[in-house]
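Residue numbers (this note's numbering), protein chains in the order written: chain A, 1 to 348; chain B, 1 to 348.
None of these hints come from the bench; they were simulated from the model. It should be emphasised that the depicted structure is a prediction, and the values quoted were computed from it without experimental measurement. There's no promise every hint is true.
[Stated by the list, open to error] So the derived list for chain B, only partly shown, Cβ under 8 Å to chain A, looks like this:
| hint | residue |
| --- | --- |
| 1 | Gly37 |
| 2 | Ile54 |
| 3 | Ser100 |
| 4 | Ile112 |
| 5 | Tyr126 |
| 6 | Ser140 |
| 7 | Ile149 |
| 8 | Ala152 |
Each residue gets a CB set at the ideal place from its N, CA and C atoms; glycine is no exception.
2 protein chains.
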Amino acid sequence: MAEKNTKIRQISDFGEFGLIDYLTKDIKYKNSELIKGIGDDAAVFESGDICNLITTDLLVEGIHFDLIYTPLKHLGYKAVAVNLSDIYAMNAIPKYITISIAVSNKFSVNVIEELYSGIYLACEQYGVELIGGDTSSSLSGLFINITAIGQAKKEDVVYRSGAKKNDLICVSGDLGAAYLGLQILEREKKVFLADNDVQPELDKFNYIIERFLKPEPRKDIIESLKKYKILPTSMIDISDGLSSELLHICSKSNLGCKVFEEKLPIHDQTFLTAEMFNLDPAIPVMNGGEDYELLFTIPLDKKDEIEKIPNVAIIGFMTENKDEKFLIAKNGVEIPLIAQGWNHGEVE
Amino acid sequence: MAEKNTKIRQISDFGEFGLIDYLTKDIKYKNSELIKGIGDDAAVFESGDICNLITTDLLVEGIHFDLIYTPLKHLGYKAVAVNLSDIYAMNAIPKYITISIAVSNKFSVNVIEELYSGIYLACEQYGVELIGGDTSSSLSGLFINITAIGQAKKEDVVYRSGAKKNDLICVSGDLGAAYLGLQILEREKKVFLADNDVQPELDKFNYIIERFLKPEPRKDIIESLKKYKILPTSMIDISDGLSSELLHICSKSNLGCKVFEEKLPIHDQTFLTAEMFNLDPAIPVMNGGEDYELLFTIPLDKKDEIEKIPNVAIIGFMTENKDEKFLIAKNGVEIPLIAQGWNHGEVE
C-alpha cells in the first residue's frame with residue numbers, strides 16, 4: 001500500500017509573500033463598491049464619490065524591531081510612517097489611523113508614553129488623526145498594529161498594475177541607506193554586548209541610521225506630482241528592496257523592465273558604508289529594504305515635467321517582454337532581477 | 001531637601017479603560033469630516049454622503065483566549081464577530097475587514113488554515129469581505145488584530161451619547177451565558193490537566209459554552225429595528241458586562257438609569273449553572289461579559305413597536321439624575337451600578 005503524502009507544511013516553508021497569498025487565494029469579491037481588495041499597497045473601496053483606501057501593518061518586537069537600539073519615540077513615528085507610505089503609494093492622502101498595542105505589564109507607562117509621543121509626532125507631521133485602537137497586555141514582547149485610512153478621487157488612485165510599455169521608471173530619494181543603517185546598529189549592538197564600556201561611534205553613520213530608525217513617507221513627492229500634473233501609471237512604495245518592488249510592478253502590469261545600475265540613486269554615506277562592508281552598493285539598493293521611497297512609472301512624454309521635481313531619478317523603462325526583467329550593470333551585463341526581499345523573519 | 005515624587009506608574013496601575021484614555025486625553029480633532037474619533041464602539045467619518053465606521057480589536061493568546069479549549073475555527077469566527085458587533089452597535093452595516101496575524105513559526109499551516117476557515121465563515125455569514133492584512137512571525141504566542149469597516153447614512157448612526165430622560169432601556173438576547181461558559185471550560189481544563197483520562201462532561205452546558213466560543217453579532221436586531229422604523233437614541237454592544245455598558249451610556253448621555261433585576265433576560269442554562277457555582281445569576285449578567293448583545297435606548301412612544309421584535313427585553317429606563325444609576329433588586333433594594341468589567345488582563 002502506497003504511503004499517503006501527509007507531510008504537514010510549516011509556515012516557514014512559505015516565502016515572504018507565500019502564506020498570505022496561499023490563505024487568500026480563493027477569495028472572490030462580490031461587493032461592486034470594492035475596487036481593489038488584497039494585492040496592492042492598500043485596499044480601495046468607494047463610498048459616495050470618494051475612494052477610501054485602507055492598509056494595515058504589524059510590527060513585532062524581536063522580528064521587526066530591537067528595543068536595544070530603537071528609541072521608542074522613533075518606533076512610534078516609524079510605525080505610523082510605514083503605513084502612510086502605503087497610502088501615498090496609491091497617490092492618495094492619508095487621513096486617519098487606528099493603533100492596537102499589546103505590551104507586557106512590566107513596561108512602565110512612561111515607556112508607552114514615549115511610543116505615543118512618536119505616534120503623535122508623525123500624525124501631526126502628516127496631518128492624520130488617531131481615531132481608534134485597542135490596548136492589551138502581552139505575555140511577552142511588544143506588538144504594534146497600525147491601520148491607516150486615506151482618501152482620493154477615483155480617477156487619481158494609482159495601482160501597481162497600470163504600467164505601459166516604454167513608460168519611464170522613477171524612484172524618489174535614495175536607496176539602500178536604511179539597510180546599511182541597520183547593519184551598523186547590529187554591529188554596534190554586538191560590540192556593546194561584548195563590552196558595555198565601549199561607546200558606539202555612530203556619528204559618521206548618522207544619515208543611514210536615521211533612514212532606518214525614522215523613515216519619512218514621501219508626501220512631498222505626491223504633492224509635486226500633483227503640482228506638475230503627472231499621474232503615474234503605476235506606483236508602489238519600496239519596503240522590501242527595489243528588485244522586489246520592480247517585480248511586483250512587472251507582474252501586475254504584465255510587462256518586463258530594464259533599470260540601469262548607473263542611474264540608481266545612492267547617498268555618499270550609503271556608498272562608503274557598503275564599501276566598508278565589502279559590499280557592492282547596488283546590493284543594498286536592489287535587495288535591502290525599508291527605504292519607504294516611491295517607485296513609479298510615467299508616460300515617456302512626461303520626461304520634461306518629472307525632471308523639474310527634485311529628488312526623483314529616472315532609472316529605466318518598462319519593456320514588452322514580461323520574461324525580461326533586468327538590471328543593466330555598469331559594464332553592460334544584463335542581470336536578471338530576483339526577489340530577495342527584506343527578511344526580518346516575516347512570513348508575509 | 002524634599003524627595004521628589006518620581007514614582008513610575010506601571011501599566012497595571014491603570015484600570016480597564018484607564019490607559020487608552022490617559023494616552024489619548026490630549027487629542028484634539030481638526031478634520032471636519034471626522035464625526036467621532038475615540039470614545040464609542042467605532043470611529044465615524046464622512047466621505048461624500050456616506051459615513052464610514054471603523055473599529056479594531058486585538059486578541060492575544062494567553063490573555064483573551066486559551067488554545068487548550070478554543071478550537072481555531074471558532075477563534076477565527078469570534079475574532080471577526082466581535083468586531084462586527086461594534087459596527088452593528090453603531091446601527092451600521094459592516095462591509096470590510098482587515099486581519100493582522102502574528103504566529104509562531106512552530107505552527108503548521110493547517111492550524112492557520114483552520115483559523116482562516118472560521119474567519120471566512122464569519123465573513124460569509126455576515127456579508128463582509130476580507131480586503132487586506134499583514135502576517136508576521138511571533139517569538140511566542142498567537143496575536144490576531146482585526147479592523148472592521150462599516151457604512152451607514154449619517155442620520156442613521158447611533159452613538160452612546162444620545163439617550164434621553166425616560167427613554168426605555170432594551171437589550172437583545174440573553175446575558176451572562178458566555179461568562180459561565182468560560183467558567184465551565186476553565187473548570188474542565190483543570191480537571192483535564194490533573195488527569196488526562198477524564199473526559200469532560202460538557203453536554204449539559206452546550207448553550208453557554210457556545211455563547212462563549214462562538215458569539216453571533218446581532219445583525220438581525222439591526223434589521224428588525226430598521227423594519228419597524230425604530231431609531232435607537234443610544235446604543236452599545238455588551239462586551240464587558242451590562243453594568244459597565246450602562247455606565248457608558250449614562251456617562252456619555254449625562255443621565256442616570258434604573259434597571260430591574262426581574263426584567264434581566266437570563267437563559268435557563270445560565271440560571272442553573274450560576275446556581276451550581278453558588279452565584280446569584282444577576283452577577284454574571286451585570287458583571288460578566290463577552291455577551292455581544294446590543295444594549296440600546298428608545299423613546300417611550302416606541303414601546304408598542306419594540307415589543308413586536310423577538311429577543312428584545314425592556315429592562316429599565318433612563319433617569320434625569322446622573323448620580324443615580326441603579327439596579328432595582330427583586331426585593332426592591334436599589335443597588336448602585338459599578339463598573340467591574342470582564343477582566344482578561346487587558347489594560348484597556
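Status of the hints after comparison with the structure:
no.: 1; hint: Gly37; verdict: holds (4 Å)
no.: 2; hint: Ile54; verdict: holds (6 Å)
no.: 3; hint: Ser100; verdict: holds (4 Å)
no.: 4; hint: Ile112; verdict: holds (7 Å)
no.: 5; hint: Tyr126; verdict: violated (13 Å)
no.: 6; hint: Ser140; verdict: holds (6 Å)
no.: 7; hint: Ile149; verdict: holds (7 Å)
no.: 8; hint: Ala152; verdict: violated (10 Å)
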